[in-house]
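Engineer: Using the sequences provided together with the hints, build the complete structure.
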Amino acid sequence: KQEVTQIPAALSVPEGENLVLNCSFTDSAIYNLQWFRQDPGKGLTSLLLIQSSQREQTSGRLNASLDKSSGRSTLYIAASQPGDSATYLCAVDPSSSNTGKLIFGQGTTLQVKP
Amino acid sequence: DAGITQSPRHKVTETGTPVTLRCHQTENHRYMYWYRQDPGHGLRLIHYSYGVKDTDKGEVSDGYSVSRSKTEDFLLTLESATSSQTSVYFCAISDLKTNEKLFFGSGTQLSVL
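Just so you know, the protein sequences line up as chains A and B, in that order.
Residue numbering for the first sequence follows my numbering, beginning at 1 and increasing consecutively.
Residue numbering for the second sequence follows my numbering, beginning at 1001 and increasing consecutively.
None of these hints come from the bench; they were simulated from the model.
Hints may contain errors.
[Claimed, not checked] Derived SDA-like pairs (lysine to any residue); straight-line CA-CA distance at most 25 Å: (1) A:Lys-42 - B:Val-1112; (2) A:Lys-1 - A:Lys-42; (3) B:Lys-1070 - B:Asn-1028; (4) A:Lys-113 - A:Tyr-76; (5) B:Lys-1097 - B:Gly-1063; (6) A:Lys-101 - B:Val-1012; (7) A:Lys-68 - B:Asn-1099; (8) A:Lys-1 - B:Thr-1055; (9) A:Lys-101 - B:Val-1088; (10) B:Lys-1011 - B:Asn-1099; (11) B:Lys-1057 - A:Lys-113.
[Unchecked claim] DEER-style ranges, computed between Cβ atoms: (12) A:Arg-61 - B:Ser-1084: 39 to 45 Å; (13) B:Thr-1071 - A:Pro-114: 41 to 47 Å; (14) B:Gly-1040 - A:Lys-113: 23 to 29 Å.
[To be verified] Short derived list, chain B residues pointing at chain A, Cβ under 8 Å: (15) Val-1012; (16) Gly-1042; (17) Leu-1043; (18) Val-1060; (19) Tyr-1064; (20) Ser-1094; (21) Glu-1100; (22) Phe-1104; (23) Gly-1105.
Predicted model, so just to flag it, every value in this text is computed and none were measured.
Backbone N, C-alpha and C fix where the C-beta goes; we use that ideal spot for every residue, glycine too.
Structural biologist: Shown next, in the form of structure tokens:
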């Protein structure tokens, strides 16, 4: 059974710092991996989606990498800002095709201090 | 929230009562999903739909049923609510072809007393 783990559960950094969030999954047979952002009391917003054949995706200050063989993904946030404070979740589609039936990690709650 | 409306936003109900949550989308996406989010478990898939009248079970479907009579509406029903169904329920949509990302609604906070 596919399991997704995110460590650490919480992270606090000063503004301006570059940081890395980690995601690991137990079965390398995935179709894609998504990183989401969730603000308190809100829904999830998809940040980046990496296909299983890709190594990384970039959007602005965010860069997500994928090493499928080792079951790992990282989300790199450059020059962090207080507005980046949120919970970040990774999720994999464990199917052989795109189904949207995602398996989620429990998230990393990030606090960026001014 | 990508044209997704969940209703109600908050609900308190008693054990044993039926509850229906509604997800309405204006994006004409074919695929719709119901997830629940609980501390210590993250988000888990309850049911999903791949078209009108086409639905299937997810990981945690026991105690839940769904219906999709129109493209834009996906209903989640708790036939007889239990305290273990206290959770935040999220609806998500996708067309899985032109854009593989999932788009989520704002959630429904359900408390079963």
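Engineer: Please flag the earlier hints that this structure goes against, numbers listed from lowest up.
Structural biologist: 2, 5, 6, 10, 11, 15, 18 and 19
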